[in-house]
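Novice: Chain by chain, the residues:
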Amino acid sequence: MSDLITDDIRAWIGRADPPLEFEVTRRDIVKYAIATEQRQAKYLAGDEAPPMFLFGADRPLVGLDELGPDGLRRDTLTPELPLKRVMAGGIRQRYHRPIRAGDRLVIEKSITDIYEKQGSSGPLIFVVYEITVKTADGELVMQETQTRINR
Amino acid sequence: MPKLERLMIGDALPERHHTATNVSLFLYNAAVWNAHRIHYDEPYTIEVEHHPGVIIDGPLQGDWLTQVVVNWLGDDGRLLEFEYSNRRASVLGETLTAGGSISAIDGTTVTLDVWIRNERGEVTTPGRAVVSFAA
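Chains as they are written, first to last, in this note's numbering: chain L, 1 to 151; chain D, 1001 to 1135.
In isolation and in its complexed conformation, chain L is listed as follows (with noise of 0.2 Å):
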């Protein structure tokens, strides 16, 4: 069934990316707020974290030189696809503590499964993502699934 999938691409499944720690700034809030058009205080502040701030804190930040031309960074945690175009697919995301201003958080990343689906315009790639997030502490914070769409 699987024509897209070698067994190079599904030897990925079970990799992750080393953990990213960094703090949350107030500042950091307040912009995602803004541009999300949030409407309570406590975002628009700083003090509380909208529920989906953390998406695309797990991915590293890096130079200019290696973004691609389509802007993206290559990714470490993908397998060269021979679909190219990227697409958000879903998330699904479990929350266990508010992030706050000031927290220190690491994320750790891995891919949890690669497969294949014929799309309504030809043949799509879904790559699942685990991505747990926790406090320096090893407070569990958020646990989060990821989809991604190559068509």
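Worth flagging that the hints you see were computed from the coordinates, not collected in a lab.
Note that this is a predicted model, so its numbers are computed, not measured.
Hints are not guaranteed to be accurate.
Stretch-level coverage of chain L by chain D, calculated; a stretch enters the list once three of its residues show a Cβ under 8 Å from a Cβ in chain D [stated by the list, open to error]:
#1 6-18
#2 44-56
#3 59-67
#4 90-96
Here are some, though not all, of the chain L residues that point toward chain D, as calculated from beta-carbon distances under 10 Å [to be verified]:
#5 R39
#6 D70
#7 V86
#8 I149
#9 N150
Idealized CB from N, CA, C, for every residue including glycine.
Given chain L's structure and the hints, the job is docking chain D onto it.
Specialist: Leaving out everything else, chain D in the frame of chain L:
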């Protein structure tokens, strides 16, 4: 603010319209540090990635869905779980409507179906949220 004892399955949450602009999309992608050109470079987006226009980020629509829930819920409870999937691309210039309704009530746990619709009435981004009301 919703009161748990008055909630019924099927109750609608307040809807909200979102019209992204070049400026709001730029700021969102800057905030999440996303340089993908489909969110700000129209010629590239059309000619190279073959989209009809500058793409409104899927996760931004996801965020709008969380706001349907948290703005309705206020301080009466907290969001435990949220999921969404981007089924259809939306391009700059479209006005999207975010809304939702109650799909299940189990004690103090309430499940909500949420959605984003485009101007043609198509659901671009369906989602689901689970909230817990303070006991």
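Novice: Next, verify each hint and record whether it holds.
Specialist: Hints, verified against the model:
1. With a cut-off of 8 Å between beta carbons, the stretch 6-18 of chain L has 0 residues touching chain D; three or more are needed, and the interface restraint is violated.
2. Under the rule that three or more residues need a Cβ within less than 8 Å of chain D, the assignment of the stretch 44-56 of chain L holds, with 5 such residues.
3. For the stretch 59-67 of chain L, the proposed coverage by chain D is satisfied: 3 residues have a C-beta within less than 8 Å of a C-beta in that chain, meeting the threshold of three.
4. For the stretch 90-96 of chain L, the stated coverage by chain D is satisfied: 6 residues place a CB nearer than 8 Å to a CB of that chain, which reaches the threshold of 3.
5. The closest approach between the C-beta of L:R39 and any C-beta of chain D is roughly 6 Å, which is under the 10 Å cut-off, so the hint is satisfied.
6. With its C-beta approaching chain D no nearer than about 6 Å, L:D70 sits inside the 10 Å limit, and its interface hint holds.
7. With its C-beta approaching chain D no nearer than about 8 Å, L:V86 sits inside the 10 Å limit, and its interface hint holds.
8. Hint status for L:I149 relative to chain D: holds, with the closest Cβ pair at about 8 Å, below 10 Å.
9. For the restraint placing L:N150 at the interface with chain D, the shortest Cβ-Cβ distance is roughly 12 Å, beyond the 10 Å limit, so the hint is violated.
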